[in-house]
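Engineer: Following full-length UniProt numbering, the numbering of the sequence shown begins with 1 at its first residue and continues without gaps.
Just so you know, the hints here were simulated from the structure itself, not pulled from any lab data.
Note that the structure is a prediction, hence the values are computed from the model and not measured.
Treat each hint with caution, since some may be false.
Mimicking DSS-like on lysine-lysine, the simulated pairs with C-alpha atoms at most 30 Å apart in a straight line are [stated by the list, open to error]:
#1 Lys76 <-> Lys48
#2 Lys76 <-> Lys61
#3 Lys62 <-> Lys72
#4 Lys85 <-> Lys37
#5 Lys61 <-> Lys72
#6 Lys104 <-> Lys48
#7 Lys48 <-> Lys37
#8 Lys37 <-> Lys62
#9 Lys104 <-> Lys76
#10 Lys62 <-> Lys76
#11 Lys104 <-> Lys72
#12 Lys37 <-> Lys61
#13 Lys37 <-> Lys76
#14 Lys48 <-> Lys72
#15 Lys104 <-> Lys37
#16 Lys48 <-> Lys62
#17 Lys85 <-> Lys72
#18 Lys72 <-> Lys37
#19 Lys85 <-> Lys61
#20 Lys62 <-> Lys85
#21 Lys104 <-> Lys85
#22 Lys48 <-> Lys85
Label-pair distances were calculated between CB atoms; the ranges are [as the list claims (entries may be wrong)]:
#23 Tyr51 <-> Ala73: 18 to 28 Å
#24 Arg60 <-> Leu103: 33 to 43 Å
#25 His74 <-> Gln41: 17 to 27 Å
#26 Arg81 <-> Met47: 16 to 26 Å
#27 Lys104 <-> Gly59: 29 to 39 Å
#28 Lys62 <-> Leu103: 27 to 37 Å
By construction, the Cβ of each residue, glycine as well, lies at the ideal position given by its N, Cα and C atoms.
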Amino acid sequence: MLPYNTSNWIRPRIPEDILHLENTDDDPLSVSSQRGKDHPQRLSGSMKDHYPVAIPPSGRKKFPTRVCRVCKAHRKRRETRYVCKLCSTALHAGECFTRYHTLKNY
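Assemble the whole structure, with the sequences as input and the hints as a guide.
Structural biologist: Quick look at the structure:
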């Protein structure tokens, strides 16, 4: 006989299942885990490794966009099609890109 689905049956098993989950992500600085945080080398002074690249098309969008980090900090919701090659941070090519990589409080 299968156990029936009640809160008494489910509740004790949830913590056990969560404890057995493992992180299979090999890259500790993946974009998803660092979203919302600034890249540690964004103020390194060397701009030769930082340059804007277009976000590659996905299966659903031919021209995908993300919210610009600098515009969001100023409470403006503006979408951009570019990310920094090294930081993977969404930024408008131009003033937002320069501000993010040169100012501590952009």
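Engineer: Look at each hint and say if it fits the structure.
Structural biologist: Hint-by-hint comparison with the structure:
| no. | hint | in the structure |
| --- | --- | --- |
| 1 | Lys76 <-> Lys48 | holds (28 Å) |
| 2 | Lys76 <-> Lys61 | holds (23 Å) |
| 3 | Lys62 <-> Lys72 | holds (24 Å) |
| 4 | Lys85 <-> Lys37 | holds (16 Å) |
| 5 | Lys61 <-> Lys72 | holds (22 Å) |
| 6 | Lys104 <-> Lys48 | holds (19 Å) |
| 7 | Lys48 <-> Lys37 | holds (22 Å) |
| 8 | Lys37 <-> Lys62 | holds (27 Å) |
| 9 | Lys104 <-> Lys76 | holds (19 Å) |
| 10 | Lys62 <-> Lys76 | holds (24 Å) |
| 11 | Lys104 <-> Lys72 | holds (15 Å) |
| 12 | Lys37 <-> Lys61 | holds (26 Å) |
| 13 | Lys37 <-> Lys76 | holds (18 Å) |
| 14 | Lys48 <-> Lys72 | holds (25 Å) |
| 15 | Lys104 <-> Lys37 | holds (13 Å) |
| 16 | Lys48 <-> Lys62 | holds (29 Å) |
| 17 | Lys85 <-> Lys72 | holds (19 Å) |
| 18 | Lys72 <-> Lys37 | holds (13 Å) |
| 19 | Lys85 <-> Lys61 | holds (20 Å) |
| 20 | Lys62 <-> Lys85 | holds (19 Å) |
| 21 | Lys104 <-> Lys85 | holds (19 Å) |
| 22 | Lys48 <-> Lys85 | holds (11 Å) |
| 23 | Tyr51 <-> Ala73: 18 to 28 Å | holds (21 Å) |
| 24 | Arg60 <-> Leu103: 33 to 43 Å | holds (34 Å) |
| 25 | His74 <-> Gln41: 17 to 27 Å | holds (23 Å) |
| 26 | Arg81 <-> Met47: 16 to 26 Å | holds (20 Å) |
| 27 | Lys104 <-> Gly59: 29 to 39 Å | holds (38 Å) |
| 28 | Lys62 <-> Leu103: 27 to 37 Å | holds (33 Å) |
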